[in-house]
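Student: Each chain, letter by letter, is given below.
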Amino acid sequence: MTFPQFAEAFYGIALLIAQGLLGLAFLLVIIRIVRGPTLPDRVVGLDVLTSASIAFIALVGIETGYTLYVDVAIALGLVGFLATVAFARFILTRGQTEEDAFEQLPFRDPQSKTLSRTSQGSQP
Amino acid sequence: MSEAIFDTIDGILMIGGSIFVVLAAVGLLRLPDLYTRMHAASKAGPVGAGLLLLALALNAGSSAEALRAVAAILFLLLTAPIAAHLLAKASYKVGYGLWPGSVLDEMPRVRNPEGEDPYYDEEGSQTGLALHEGQAGEPAWRRETKDRRPRWSDLRKR
Amino acid sequence: MILYLINLILALIWVIVTGSFTFLNLVFGFLLGAAALFLIRFQVGDRKHFLRAWLVAKLALFFLVELMRSAWKVATLVLYPNMNLKPGIFAYKLRAETDFEITLLANMITLTPGTLSVDVSDDRSTLYVHALDCSDPSANRADIHNGFEKMILEAFR
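Protein chains in written order, with the UniProt record's numbering: chain A, 1 to 124; chain B, 1 to 158; chain C, 1 to 157.
Treat the hints as calculated values from the structure; they're not laboratory data.
Some hints here could point you the wrong way.
What the hints assert, rightly or not - Okay, derived cross-link-like pairs now, SDA-like style, lysine to any residue, Cα gap no bigger than 25 angstroms in a straight line: (1) 150(C) / 61(C); (2) 89(B) / 15(A); (3) 73(C) / 92(A); (4) 89(B) / 145(C); (5) 89(B) / 92(A); (6) 58(C) / 71(B); (7) 89(B) / 95(C); (8) 89(B) / 89(A); (9) 89(B) / 19(A); (10) 89(B) / 35(A); (11) 93(C) / 86(B); (12) 89(B) / 99(A); (13) 73(C) / 99(B); (14) 58(C) / 86(C); (15) 89(B) / 120(C); (16) 89(B) / 61(C); (17) 93(C) / 71(B); (18) 86(C) / 71(B); (19) 89(B) / 101(B).
What the hints assert, rightly or not - Pair ranges (Cβ atoms, derived): (20) 72(C) / 68(A): 48 to 54 angstroms; (21) 98(C) / 102(A): 40 to 46 angstroms; (22) 9(C) / 86(A): 39 to 45 angstroms; (23) 83(C) / 35(A): 15 to 21 angstroms.
As the list claims (entries may be wrong) - To spell it out: a stretch of chain A is covered by chain B in this simulated footprint if at least three of its residues, at any positions, have a beta carbon under 8 angstroms from a beta carbon of chain B; those stretches are: (24) 48-58; (25) 86-98.
Where is the CB? At the ideal position from N, CA and C, for every residue including glycine.
Please model the complete structure; the sequences and the hints are all you need to start from.
Tutor: Here is the structure:
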């Protein structure tokens with residue numbers, strides 16, 4: 001096996017491995033976004049999702065040979081950055097954490113300090 | 001021959017970049033609180049995406065396209081810390097706490113103008129070991145602002 | 001400052017003479033103009049120009065190395081079964097004063113191993129930094145003090 005042959009085979013395998021790893025990354029980030037537990041955690045997840053998408057778009061650009069995909073990646077990076085900034089502003093103006101919001105609920109048991117939504121403590 | 005070398009470098013960059021992205025995602029899942037997760041999100045993520053864009057730049061035919069990919073990398077590295085900084089600042093001001101296992105918190109809480117705040121030190125920043133999670137009572141400014149939604153002016157008074 | 005303008009004019013002349021107005025050619029002309037000005041640096045009488053360019057280039061290189069190190073550190077940390085975290089926020093007294101210096105320092109701190117800038121105090125004297133390993137905050141402070149802040153102040157002052 002000569003070096004050029006090895007290089008070509010390695011290139012193809014590297015593309016496949018990279019695609020598999022990025023798919024795994026998407027899955028893990030989405031688990032974090034679903035599990036939360038708070039809004040900023042989800043926003044951080046969105047940030048990583050944008051990074052992973054940019055990486056995936058670059059990979060698609062390499063595979064298909066269309067370097068026009070770089071422009072898509074730049075636009076996605078811009079939108080992702082603006083989304084994170086907008087979410088940060090939203091968190092700041094909302095001014096309360098999920099815990100605060102939960103404490104204001106009318107049906108909450110005043111003794112319970114936990115976030116669990118069962119009403120075990122309210123029975124006399 | 002040179003094409004083969006470029007292909008090999010490309011392959012290494014692709015695998016390395018995607019490994020960084022996966023480890024950013026693993027860090028996001030495994031690290032205990034918001035601020036430590038932000039470390040994974042703001043470092044490993046952009047570096048991984050940057051390595052893949054670099055592979056694209058090496059793969060591109062013309063210099064203009066390679067230059068655009070390099071510009072995209074610079075843009076990514078410039079915006080990631082700003083986004084992380086804004087998000088960390090906003091969530092800290094609103095009151096999302098540190099992980100209980102944290103060892104130090106020297107940042108002052110938002111001060112309530114009227115009531116006394118056990119976590120605010122008149123000297124300013126050097127409050128030492130004042131983790132607001134796990135300490136007795138609730139910060140005064142949070143009790144105070146419970147009746148109405150806090151406004152911008154509350155958050156800016158320090 | 002005037003030297004940068006002369007350098008830019010030299011770059012534009014290079015672009016006109018070679019007859020291809022592309023960005024790469026402009027950059028090449030700029031580098032060529034810088035080299036030409038470097039040859040007559042004693043006559044022009046502003047050697048700080050080149051010293052500063054060298055310091056900025058050194059800062060950029062140092063930054064890239066630190067960036068790779070930080071990504072590597074976070075990536076390996078995550079793989080340990082017991083991560084042994086000691087996170088915390090420490091206060092850092094800034095020596096940098098202007099908006100530009102503080103912004104640059106905060107961004108670079110975020111992209112270096114184990115640290116993340118959270119907030120700047122209103123009077124711009126203190127930077128609050130979140131660190132993954134905060135068991136020895138004075139060592140972290142010394143790292144920033146002797147690393148990035150020193151280089152930034154050298155390059156932009």
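Student: Any of the earlier hints contradicted here, and which numbers?
Tutor: The structure breaks hints 2, 3, 9, 14, 16, 17, 18, 20; every other hint is satisfied.
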